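Following the hints, complete the assembly by docking chain B onto the known chain A.
Here is how the chains run, residue by residue.
Protein chains: 2
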Amino acid sequence: MFTVVVELGDRSYPIHIGSGLLASDTLLRQTLQGRRVMVVSNDRVAPLYLDAVLGALDPERTATCILPDGEQHKTLASVERIVTDLLQRRFGRDCVLLALGGGVVGDLTGFAAAVYQRGVDFVQVPTTLLAQVDSAVGGKTAVNHALGKNMIGAFHQPIAVLSDFDTFATLPAREYRAGLAEVVKYGLISDAAFFAWLQTHSRELQQRDPAALAHAIRRSCEIKAEVVAGDEQEQGRRAILNLGHTFGHALETGLGYGTLLHGEAVAIGLRFALDLSAQLGLADAAEVTATIELLRTLGLPTSRPRPLPADRIIELMGVDKKVRDGRLRFVVVNHIGSAEVRADIAQSMLLKILDRGVEPEDVAQS
Amino acid sequence: MFTVVVELGDRSYPIHIGSGLLASDTLLRQTLQGRRVMVVSNDRVAPLYLDAVLGALDPERTATCILPDGEQHKTLASVERIVTDLLQRRFGRDCVLLALGGGVVGDLTGFAAAVYQRGVDFVQVPTTLLAQVDSAVGGKTAVNHALGKNMIGAFHQPIAVLSDFDTFATLPAREYRAGLAEVVKYGLISDAAFFAWLQTHSRELQQRDPAALAHAIRRSCEIKAEVVAGDEQEQGRRAILNLGHTFGHALETGLGYGTLLHGEAVAIGLRFALDLSAQLGLADAAEVTATIELLRTLGLPTSRPRPLPADRIIELMGVDKKVRDGRLRFVVVNHIGSAEVRADIAQSMLLKILDRGVEPEDVAQS
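Just so you know, the sequences run in chain order A and B.
Under this note's numbering, the first residue of the first sequence carries the number 54, and numbering increases by one thereafter.
Under this note's numbering, the first residue of the second sequence carries the number 54, and numbering increases by one thereafter.
No lab work stands behind these hints, which were simulated from the structure alone.
The model shown is predicted, which means the values in this text are computed figures rather than measured ones.
Possibly wrong hints are sitting among the right ones.
These stretches of chain A come out as covered by chain B in the derived footprint (C-beta under 8 Å, 3 or more residues) [to be verified]:
id, stretch
1, 122–133
2, 140–146
3, 167–174
4, 204–211
Sample of chain B residues with no beta-carbon within 10 Å of chain A, all distances over it, derived [stated by the list, open to error]:
id, residue
5, 76
6, 78
7, 80
8, 83
9, 219
10, 222
11, 228
12, 249
13, 289
14, 393
15, 405
For each residue, glycine too, the CB sits at the ideal point set by N, CA and C.
The following block holds chain A by itself, in its conformation from the complex (with noise of 0.2 Å):
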């Protein structure tokens, strides 16, 4: 095991990144220190997991909130939900929330944890790849809205999070691909060297080798918690984590939430950015190409899907976080390895990347 600290003052908290974390039950109790928790998971990663965590705990201070899984029930009224168990158990101020499971599930219990009484504290435990690179570090929290992806939430970080790489084994391989995605991010905004070393570990990682697995988990992390240290409430830097996700996040809205996973649309959102990033003289063509394969190698789709046209997707973008005073902004690559936010788009430059990079009308042709 080995754990990347996120400075924050006296709101920092550790990663705890490893195997066999949630089979030893040292960690748990150690985190939780006997107060009452409730755990807050989902009705496919329950089967798999509650029990393990639950083992570690008090059953006297410990009660469960199973929601039903996917993206679609990210929303006020799962929060609703898990606030009426809190207080039908009458939980106070000093509990805690525990997620146990992706990104749906740690963004939801994270902002019900950042609205309880006004705030209380919670745990991630990140069961997807996803999760563990991305979304259960940062404090990131939000629900979703009809009319846009995380438009409710709040900047809320939890007091630790448990990595446990075992949770892979029962990890669905579209959804191990999806949480590539980020992994490639990090590469893109601020490490070239990590760029390039997944370019020639594209494999391992496709294979879920372990050891593979533990530097990319590991140095996402350390990316992760190096931005979000220097900016958490994204006033400027942070801001470069969302590479790729302003595309992304009008993809998944657009089609309805659940039809792309999140890491999908991001692998997506990826290419038009780095086609956004050669239009404006930035990346060169070697740099997008680079790109566009190590995404496709990664088994990541790269084409955005037909049904949503181009003007659509642009209506989209102006409902998204990155919107300010009317101009939307888009996170550019300068180079590999190297990110800056830009107000200066025209629209007429986005139509022109949106034509290209649609998905065959025939898949069978491709």
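Chain B alone, transformed into the frame defined by chain A:
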């Protein structure tokens, strides 16, 4: 006009208090500085003051969201409605919400501002006495849950509070009186001289005398600002502001939101808090009598409504936010002008106190 500042470092903000603040548009313009504004109000206040507010703002950059009036609408559903309006109008993170109304509008709008895109600015324009002396100041925002009042919320400070006395011209007598309960609370928890002043000026306050009101509001805001500055997130001393509120919230929840006004429930709660303080050997009998007398003189209730039995009130108090580790915590008065939090109250003592102070079976007999 005078200004009280809530000192919270880079989140400090002014409370402007005076007459004619809405009639003159200078202050509103200065506060909002040409930003996009969503004015949130209700269908009772909007017909009275919305035009004055809109007159000070750029129509191109302003939208309104008018909700139904009443505590029963202080819900997540209303927050979702505000968010829908914000998204439909494509308001970004740089927008400002303006709460025009009483405590319900302020708490609800503040919470919507706290969670919309993980937090946007908001301005409080309180139009009731209760909101001007209490709820608009200090950054507590929340909505109710069927199982408990203010159970879903956030600490989110406004960027400014504009308290215009002129709005009292249209405030119904019952609501005006309800606001005085919180004013009495400030004397009880922190300023014996102010309590004595309230006793000698109760007639002027009943008559809404401008000079008396100015003093009462100013002193209330000063006391609240000082307490909040010392303990923004209620880790300790800020809890004394909840004097009477544990009882009060239980009455509001138990009778159904909207039956008692919040200030009326607080008035009854203050009486029980004083009874409890006396029972603990803190406040003396004369102080209990003086408090009940002052509340009655100001036209406020001090007996609990008969439909709610004592054991149900105790049950409801068990879900209050003041509960820690299963123990009820009560704010008590050591003597008038000094309060503290106690966690050692036996249930038998609560039952004893609740057995007194029940409203007469037939009001005609009283």
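The hints, checked one at a time:
Here's how the stretch 122–133 of chain A fares: 3 of its residues keep a CB closer than 8 Å to some CB of chain B, so the rule of at least three is met and the hint holds. With 5 residues having a Cβ less than 8 Å from any Cβ of chain B, the stretch 140–146 of chain A passes the three-residue criterion, so the hint holds. Counting residues of the stretch 167–174 of chain A whose beta carbon lies closer than 8 Å to any beta carbon of chain B gives 6, which reaches the threshold of three, so the coverage claim holds. Only when three residues or more bring their CB closer than 8 Å to a CB of chain B does the claim for the stretch 204–211 of chain A stand; here the count is 5, and the claim holds.
Distance check on residue 76 of chain B: its Cβ is at least 30 Å (rounded) from any Cβ of chain A, clearing the 10 Å threshold; non-interface status holds. The beta carbon of residue 78 of chain B is kept farther than 10 Å from every beta carbon of chain A, the shortest such distance being approximately 22 Å. At roughly 23 Å from the closest C-beta of chain A, the C-beta of residue 80 of chain B stays outside 10 Å, upholding its exclusion from the interface. Its beta-carbon lying about 19 Å from the closest one in chain A, residue 83 of chain B satisfies the requirement of being farther than 10 Å from that chain.
Here residue 219 of chain B stays apart from chain A, with its beta-carbon at least about 32 Å from theirs, past the 10 Å limit. Once the 10 Å rule is applied to beta carbons, residue 222 of chain B is consistent with being away from chain A; the minimum gap is 34 Å. Look at residue 228 of chain B: its CB is around 25 Å from the nearest CB on chain A, clear of 10 Å, so calling it non-interface holds up. No beta-carbon of chain A is positioned within 10 Å of the beta-carbon of residue 249 of chain B; the least distance is around 34 Å.
Against the 10 Å criterion, residue 289 of chain B stays outside the reach of chain A, whose nearest CB is about 13 Å from its own CB. Annotated as non-interface, residue 393 of chain B keeps its C-beta farther than 10 Å from every C-beta of chain A; the closest such distance is 18 Å. The non-interface label for residue 405 of chain B is consistent with chain A: the shortest C-beta to C-beta separation is roughly 23 Å, beyond 10 Å.
The structure agrees with every numbered hint stated previously.
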